[in-house]
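Put together the whole structure using the sequences plus the hints.
Residue numbers (UniProt numbering), protein chains in the order written: chain H, 1 to 261; chain X, 1 to 294; chain E, 1 to 387.
It cannot be assumed that every hint is accurate.
Calculated pairs, SDA-like style, for lysine to any residue (alpha carbon to alpha carbon, straight line, at most 20 Å) [as the list claims (entries may be wrong)]: (1) E:Lys127 to X:Pro111; (2) E:Lys156 to X:Thr213; (3) X:Lys189 to H:Ser155; (4) E:Lys353 to E:Ala301; (5) E:Lys127 to X:Phe229; (6) X:Lys189 to H:Ala151; (7) E:Lys127 to X:Ala206; (8) X:Lys189 to E:Ser282; (9) E:Lys311 to E:Glu249; (10) X:Lys189 to H:Pro4; (11) X:Lys189 to X:Arg205; (12) X:Lys189 to X:Pro111; (13) E:Lys127 to E:Glu141; (14) E:Lys127 to E:Gln153; (15) E:Lys156 to X:Arg219; (16) E:Lys311 to E:Ala327; (17) E:Lys311 to E:Val367; (18) E:Lys156 to X:Leu216; (19) E:Lys133 to X:Gly207; (20) E:Lys156 to X:Gln190; (21) E:Lys127 to X:Arg219; (22) X:Lys189 to E:Gln153; (23) E:Lys127 to X:Leu216; (24) X:Lys30 to H:Leu124; (25) X:Lys30 to H:Gly125; (26) E:Lys372 to E:Gly349.
Residues of chain X placed beyond 12 Å of chain E at every Cβ, according to the derived structure [said to hold, decoys possible]: (27) Leu98; (28) Gln115; (29) Val118; (30) Glu188; (31) Gln289.
Where chain X lies over chain E, by a calculated footprint (3+ residues, C-beta under 8 Å) [stated by the list, open to error]: (32) 88-99; (33) 314-326.
Hints in this document: simulated from the structure, not taken from any laboratory.
Since we're looking at a predicted model, the values are computed, not measured.
Where a beta carbon is used, it is the ideal one built from N, C-alpha and C, also for glycine.
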Amino acid sequence: MRRPSTFNRVSVAAGLAFLYAPIVLLVVYSFNASRLVTVWGGFSTRWYAALLRDQQMLDAIWVTLRVGVISATLATVLGTLAAVALVRGGRFRGRTAFSGMVYAPLVMPEVILGLSLLLLFVSLGLPRGFWTVTLSHATVTLCYATVVVQARLASFDGALEEAAQDLGCSPAGAFLRVTLPNIAPAIAAAWMLAFTLSLDDLVIASFTSGPGATTLPMRLYSQVRLGVNPEINAVSTLLIGLVTLGVLAAYLVQRRRADRA
Amino acid sequence: MKRGRTWLAAIPPYLWLALFFALPFLLVAKLSLSDTALAIPPYAPRLDWSRGVAGVMAFVRGLDLEAYARLPQDRIYVSAYASSLRIAALATAVLLVLGYPIAYGMSRFGPAARQALVMAVILPFWTSFLIRIYAWIAILKPAGLLNSLLAQVGLPPLQLLNSEAGVIIGLVYAYLPFMVLPLYAVLEKQDESLLEAAQDLGATRAGAFWQVTFPLSLRGVAAGALLCFIPMVGEFVIPDLLGGSETLMLGRTVWTEFFANRDWPAASAVAIVLLATLLAPILLFQRQQAKVLR
Amino acid sequence: MSAALNERRGVGAARSTFAPWEDPAARPLVSFQGVSKRFGDHQAVRGLSLDIYEREFFALLGPSGCGKTTLMRMLAGFEAPDEGQILLEGRDIARLPPHARPVHMMFQSYALFPHLSVAQNIAFGLKQQRLPKAEIAARVEEMLALVRLEGLQRRKPHELSGGQRQRVALARAIAPRPRILLLDEPLAALDRRLREETQFELMNLQHELGVTFMIVTHDQEEAMVVADRLAVMREGEVVQVGRPAQVYEAPADRYVAGFLGDVNLFEGRMEAQGAEGLRFASAEVPGGLLAAEGPQLAPGASAWLAVRPEKMGLHQEPPPEGANRMAGEVHDIGYLGDWTTYVVELSSGRRVKVARANASRQVERPVSWGDKVWLSFAPDSAVVLVR
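Listed below in C-alpha cells is the structure:
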C-alpha cells in the first residue's frame with residue numbers, strides 16, 4: 001500500500017509551487033496599476049485597455065489564431081494518416097525512412113527546423129508570409145499529432161475491426177465506423193496539441209514568416225526584448241485564461257462522457 | 001491479420017515530409033558548403049539550371065568547407081559550442097536532482113491524486129513558453145521580485161538575469177515537466193511489493209530506496225535526461241532572454257548569424273555542427289524508446 | 001521418486017507425535033493477543049488471539065477478505081495493529097519496522113528484484129545484515145543447493161520459469177534464517193501438477209530446516225496437505241484451530257464444515273438421547289436422523305447433522321427402513337476418475353451430494369441420470385452442529 005511521507009508531500013508541493021509561482025505572479029501583476037514589477041500600485045485594468053488599443057498586437061493575435069487552426073487541421077489529417085500507416089500498414093517499402101522522418105523533428109532543435117524550412121522557401125521562390133508559416137507549423141506539429149494518434153491506435157483492439165468486417169463491413173467501412181469513433185478523442189487531443197504548439201512557436205515562425213504575417217509570439221518577443229511591460233502581462237493573462245477554460249471544458253466533457261458510460 | 005492496402009495512407013504524409021523536412025535539410029547541408037555573398041539570397045554559388053551540365057559543374061566546384069574551416073578559428077563559435085554543452089549538462093543535472101523527488105513523491109499518492117498531479121504538472125506546458133520565460137525576467141532582474149524579497153530578509157541582492165545562472169534557472173523551469181513525467185512513468189509502474197520485500201529482508205526505507213527503487217528507475221532517469229538535454233543544447237529563447245549578451249549558445253549563434261550577420265552559410269554550418277553533436281544522444285534516445293515500446 | 005516417498009513417510013511419522021500446542025508448558029513462538037485492525041469502514045481483524053509454536057507448519061485458511069492477509073502483514077510489520085499485542089518469543093514486536101523483525105515473507109507475486117540475478121536476490125537479506133562476503137557466498141551456494149537451482153545463479157528473474165522463480169523467492173526468504181517464514185499464497189501462480197509437487201517439497205524443506213512456517217491460503221486442500229495445524233478465519237476472526245483431520249472430521253460449525261471440503265447438512269429437532277445416540281426429527285428425512293454422539297441438547301432444540309459426501313451410501317435397491325435413510329432421483333453425475341460424485345434430488349427438492357470411490361473398472365449396473373436411488377449414512381458419520 002502506498003502512502004506519501006512528509007518528505008514526499010513537501011517535494012511535490014514545492015515542485016508545483018515552483019511551476020506555478022511565476023504564472024501566478026504574471027496574472028497578479030497584469031492588474032497592477034504601477035509600471036514597476038516590485039511596486040503594487042493598486043488594482044487596475046489599464047493594461048487590458050491599452051492592449052485593446054494596440055492594433056499591432058490584435059493583428060498578431062488574429063494571424064496566430066488563423067495559422068494555428070489551419071496548420072493544426074493539416075497536421076492532424078496528415079498525422080492520423082501517418083499513424084494508421086505506421087500501426088496498421090505492416091512492413092511496407094520505405095517504412096524505416098518514413099518513421100525516421102516522422103520522429104526526427106520531435107528532437108531536432110527548432111533553429112535547425114526553422115533555418116531549413118526557410119531555405120526551402122527561398123529556393124522554391126515562395127514569398128515568405130502567412131502561408132509559409134502555416135506550412136512550416138503543419139510540418140513540425142504533424143509529428144506530435146502522429147505520436148498521439150499512434151499511441152491510441154496501437155492500444156486499440158484490431159479484433160474489433162475484424163469483427164466489423166466479419167459482420168459485413170468493407171475494410172474502409174470498418175475503419176470509418178469502428179476504429180475512427182474509438183480513436184476520435186486521440187484525434188481531438190492531437191489537434192489541440194498541434195494548435196497549442198503552433199500558438200506557442202517563436203523560432204520557426206521567425207525564420208519562415210515575412211512582412212505582414214507577424215505572429216503573437218514574434219510580437220511578444222520583440223516587446224519582451226525591450227524589457228518588462230505590463231501590457232504583456234495582460235496578454236499573457238488572457239492566454240492563460242483561455243487555456244485554463246479549454247482544459248476545464250475538456251475535463252468536464254470527459255467526465256460527462258465517463259458518467260454516461 | 002490482413003493488411004490490405006492500409007499502407008497507402010502513408011503516401012500523403014510521406015510526400016509532405018519529404019518536401020518539407022528531408023529536402024530542406026539537404027538544402028542546409030548544401031548551403032553550409034557555400035560562401036557568403038552580398039547578393040540576395042546572401043550566398044554563392046547558385047545552381048544555374050539554364051547552363052545545363054556546365055552549370056552543375058560550376059556549382060559543384062563552387063562548394064567548399066570554408067564555412068566549417070572558419071568555425072574552430074573563431075573563439076565565439078568555440079565558446080558557444082562549449083557553453084552549450086556545459087549549460088545543458090548542468091541544467092540536466094539540476095533537473096534530475098529536483099525532478100526525482102517530485103516524481104517519486106507523486107508516485108506515492110493514491111490513483112485519483114496521482115492523476116490530478118500529472119495534470120497539474122502538464123498544465124503549465126499548455127501556457128505559452130515565451131510568457132513563462134518572460135515571467136522570470138520580472139523575478140530575476142536586478143530590481144526584481146527575488147532581490148526585493150532578499151532585501152527584506154536582509155540578504156545581498158543576486159545578479160541572476162543576464163548570467164549563466166539565469167539561463168540554467170530558466171531551463172530548469174521550462175523543462176521540469178519533461179524530466180518529471182518520464183521519471184514518474186517508471187516509478188509509478190514499480191511493484192510496491194518489491195519495496196516491501198526489501199524491507200522484509202532487512203533493508204531500511206532508505207536502503208530499500210537505493211537498492212531497489214533507484215536502480216529500477218534508471219531507465220526513466222536516462223529518458224528524462226536525454227529528453228531534456230537534447231533540446232536544451234539547441235535552445236534559443238531562454239539564453240536569449242535570460243542570458244544577456246555574455247551567454248553564448250549554439251541555437252542563439254545560428255539565430256545571430258542568420259538574422260544579424262546575414263551570414264547564411266555560417267548559420268548553416270553551425271546548424272550542421274549542432275545536429276552532428278546531438279546525433280549520438282538522439283539515436284540513444286530513439287533506441288531506448290524503441291526498447292520501451294517492445 | 002521412492003526416496004521422496006520414504007522421506008514423506010518419515011515426515012508423516014514425525015508429524016504425528018509433534019504437538020507442542022497440547023503441552024501446557026510450551027511457550028508459543030508467536031502470539032497474537034487481542035489484535036484488531038480497521039481500514040476505514042472495514043474491520044479487517046477483530047480482537048484476534050492465536051498462538052503459533054516453534055517448528056510448526058501453520059496454515060491460515062479463509063476466503064478472500066477474511067483478514068488472513070492482514071494478519072500476516074501485521075506479523076511482517078507492513079501494517080500496525082490498532083489494538084492488541086503481537087509477541088515474538090515473548091517480546092512485543094507490533095511497533096517494530098519490518099526491517100528490524102526476524103520474520104521474512106515469501107510474497108504471492110514472489111517480488112523478485114528484476115534488476116538482480118538469482119544469486120544477488122538470495123544474497124539481498126544477507127547483505128542487509130552486513131555479513132562477510134565469504135559467508136554470504138557460502139550461504140547463497142547452500143540455498144541454491146537446497147532449492148535445486150545450482151547453475152542458475154547468474155540468471156535474471158525474467159529468464160526463469162514460474163516454478164524456478166517460486167524457488168528463488170523461497171530461497172531468498174529463508175537465506176537470512178528467519179525465526180518464522182511467512183508464505184503468502186505461495187503456490188497460487190503454479191499449475192496444478194507443479195503445485196502438488198511443491199507442496200511436498202515445502203513440507204520436506206520445513207522439516208529439514210526446522211524453521212516455523214506460516215502459510216496463508218484460500219485453498220483448503222493445500223492447507224490440509226501441508227499444515228500441522230490450520231486456522232479457519234471468517235470476517236476477521238478465527239473460527240476454529242486444529243489439526244487438518246480434526247477440523248475436517250469435527251468442524252466447529254456449519255461455516256467451517258462447508259469451507260473445508262463438501263458437506264451435506266440435514267436440519268433436525270432434538271427428540272431423545274439414548275444408548276444408540278441422539279435422535280432427531282426431520283422434515284426431509286421421514287425415518288428421522290440419528291447421530292452416534294454429540295453435545296447435550298434440550299428436547300426440541302434445532303441442530304444440523306453434517307455428513308461428508310464420501311460418507312453417504314448410495315443404493316439402487318431400497319435399504320431396510322430406519323433412520324438416516326432417504327429416497328431421491330439422480331440429478332447430476334460428475335466423473336472425476338478416482339471418484340464419481342452424484343447429486344441426488346430428494347422429493348422435497350433438496351439436493352444431496354454423494355461421492356463414491358471408483359474401486360473397480362467395470363460396474364454391473366451403472367447409476368445413470370434420472371435413476372431412482374436411496375441414500376443413507378451411518379450414525380457415526382454425522383457430526384452434530386448447533387451453529
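Verification of the supplied hints:
no., hint, in the structure
1, E:Lys127 to X:Pro111, "violated, 34 Å"
2, E:Lys156 to X:Thr213, "holds, 17 Å"
3, X:Lys189 to H:Ser155, "holds, 18 Å"
4, E:Lys353 to E:Ala301, "violated, 26 Å"
5, E:Lys127 to X:Phe229, "violated, 36 Å"
6, X:Lys189 to H:Ala151, "holds, 18 Å"
7, E:Lys127 to X:Ala206, "holds, 15 Å"
8, X:Lys189 to E:Ser282, "violated, 59 Å"
9, E:Lys311 to E:Glu249, "holds, 11 Å"
10, X:Lys189 to H:Pro4, "holds, 16 Å"
11, X:Lys189 to X:Arg205, "holds, 19 Å"
12, X:Lys189 to X:Pro111, "holds, 12 Å"
13, E:Lys127 to E:Glu141, "holds, 15 Å"
14, E:Lys127 to E:Gln153, "holds, 16 Å"
15, E:Lys156 to X:Arg219, "holds, 17 Å"
16, E:Lys311 to E:Ala327, "holds, 16 Å"
17, E:Lys311 to E:Val367, "holds, 18 Å"
18, E:Lys156 to X:Leu216, "holds, 14 Å"
19, E:Lys133 to X:Gly207, "holds, 18 Å"
20, E:Lys156 to X:Gln190, "holds, 17 Å"
21, E:Lys127 to X:Arg219, "violated, 25 Å"
22, X:Lys189 to E:Gln153, "violated, 27 Å"
23, E:Lys127 to X:Leu216, "holds, 18 Å"
24, X:Lys30 to H:Leu124, "holds, 15 Å"
25, X:Lys30 to H:Gly125, "holds, 17 Å"
26, E:Lys372 to E:Gly349, "holds, 14 Å"
27, Leu98, "holds, 25 Å"
28, Gln115, "holds, 21 Å"
29, Val118, "holds, 24 Å"
30, Glu188, "holds, 16 Å"
31, Gln289, "holds, 20 Å"
32, 88-99, "holds (count 3)"
33, 314-326, "violated (count 0)"
When the structure is compared with the earlier hints, violations turn up for hints 1, 4, 5, 8, 21, 22, 33 and for no others.
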